[in-house]
Amino acid sequence: MPTSRSMRALVLERHNGPFILTEAEVPAITAGLVLVSIKASGVNPLDTKIRTGNAAHARVELPAILGIDLAGVVEAVAPDGTAFKPGDEVYGMAGRVGALQGSLATFMAVDADSLAIKPANLSMREAAALPLVFITAWEGLVDRAQVHAGQRVLVHAGAGGVGHVAVQIARAFGAQVFATVSKDKMKIAESYGATAIDYRSENVESYVAQHTDSEASTSSMTR
79 MPTSRSMRAL VLERHNGPFI LTEAEVPAIT AGLVLVSIKA SGVNPLDTKI RTGNAAHARV
139 ELPAILGIDL AGVVEAVAPD GTAFKPGDEV YGMAGRVGAL QGSLATFMAV DADSLAIKPA
199 NLSMREAAAL PLVFITAWEG LVDRAQVHAG QRVLVHAGAG GVGHVAVQIA RAFGAQVFAT
259 VSKDKMKIAE SYGATAIDYR SENVESYVAQ HTDSEASTSS MTR
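Here the sequence shown is numbered in our numbering, starting from 79 and rising by one per residue.
Source of the hints: derived by calculation from the structure; they are not laboratory data.
Don't take every hint at face value.
Said to hold, decoys possible - The calculated label-pair distances, taken between Cβ atoms and stated as ranges, are:
#, residue 1, residue 2, range
1, S279, S115, 46 to 52 Å
2, T273, T100, 48 to 54 Å
3, V282, A109, 50 to 56 Å
4, A223, N199, 26 to 32 Å
Claimed, not checked - Computed list of lysine to aspartate or glutamate pairs in EDC-like fashion (alpha-carbon distance at most 16 Å, straight line):
#, residue 1, residue 2
5, K127, E139
6, K163, D191
7, K265, D276
8, K163, D189
9, K261, E280
From a predicted model like this one, the values you see are computed outputs, not experimental measurements.
Backbone N, C-alpha and C fix where the C-beta goes; we use that ideal spot for every residue, glycine too.
The whole structure should be built from the sequences, with the hints applied where relevant.
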C-alpha cells in the first residue's frame with residue numbers, strides 16, 4: 079500500500095468546466111476490488127461526452143474524478159483474494175461510468191473483473207488507449223456481425239480509433255478486409271492488412287462493386 083493516504087487527482091466540479099488538480103484520499107479497496115497505480119489513462123469521445131454532461135447512459139454526480147480506460151500496476155488486492163497480485167501490470171475499461179472513481183488520478187480502486195494482464199509488447203500508453211475502442215469493434219464485428227473466414231469486410235475510417243482495431247479483428251478471424259481512409263493514411267490501413275480505399279476519389283457504389291465483383295452481400299462496419 080502507498081505510504082501516504084493522499085494522491086493527486088483531476089476533479090471536474092461542473093459540466094464542461096476545467097479539470098482541477100487537487101489532493102484526494104487514496105481509495106479504499108473492498109471485496110472484489112484491486113488498487114491500481116495508474117500509469118496511463120485513455121481519452122475517448124465518451125469521456126468528452128461525460129465531461130459535458132451529454133452522455134445519457136453514463137451520467138456522473140459532480141464533483142467527480144473522471145476517466146474510463148487505464149493501464150497501470152497493481153498496488154494492493156482485497157483480502158478476499160483475486161487472480162491479480164501486487165506488481166502485475168494491468169489494463170482495462172474500468173473507470174467513471176458508474177459509482178467507481180475514474181482513472182484521472184494517481185491511484186484507482188478497480189473492479190477486478192474489469193482488468194486484464196497488460197500484453198508485454200504494449201506500452202502503458204498503448205494499453206490505455208485500447209479497451210473502449212476494442213470493445214466497440216468486437217461488439218460490432220464478432221457479437222453482432224459474427225465475422226468469419228471467407229467474408230469480405232468493409233471498415234469505414236480504417237485508420238481511426240475503432241477502425242484500425244476493427245481491421246485487425248476482422249483479419250484475425252480470417253476475413254478479407256477493405257478500409258476507407260484519406261489518401262495520406264492509406265499506408266496505415268495497409269500496414270494492418272487491409273486493402274486501402276481513398277474514399278475521396280471514389281464513390282461508395284463504385285468501390286463496393288469493384289471489391290465485391292458486384293455481389294450484393296458484404297459485411298460493413300462504420301466507425
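Results for each hint:
1. S279 x S115: 46 to 52 Å: holds (48 Å)
2. T273 x T100: 48 to 54 Å: Check passed, 50 Å falls within 48 to 54 Å.
3. V282 x A109: 50 to 56 Å: holds (52 Å)
4. A223 x N199: 26 to 32 Å: With Cβ atoms ~28 Å apart, the hint holds.
5. K127 x E139: Roughly 14 Å separates the two Cα atoms, so the pair holds.
6. K163 x D191: It holds: about 14 Å lies between the C-alpha atoms, which stays within 16 Å.
7. K265 x D276: holds (11 Å)
8. K163 x D189: holds (14 Å)
9. K261 x E280: holds (11 Å)
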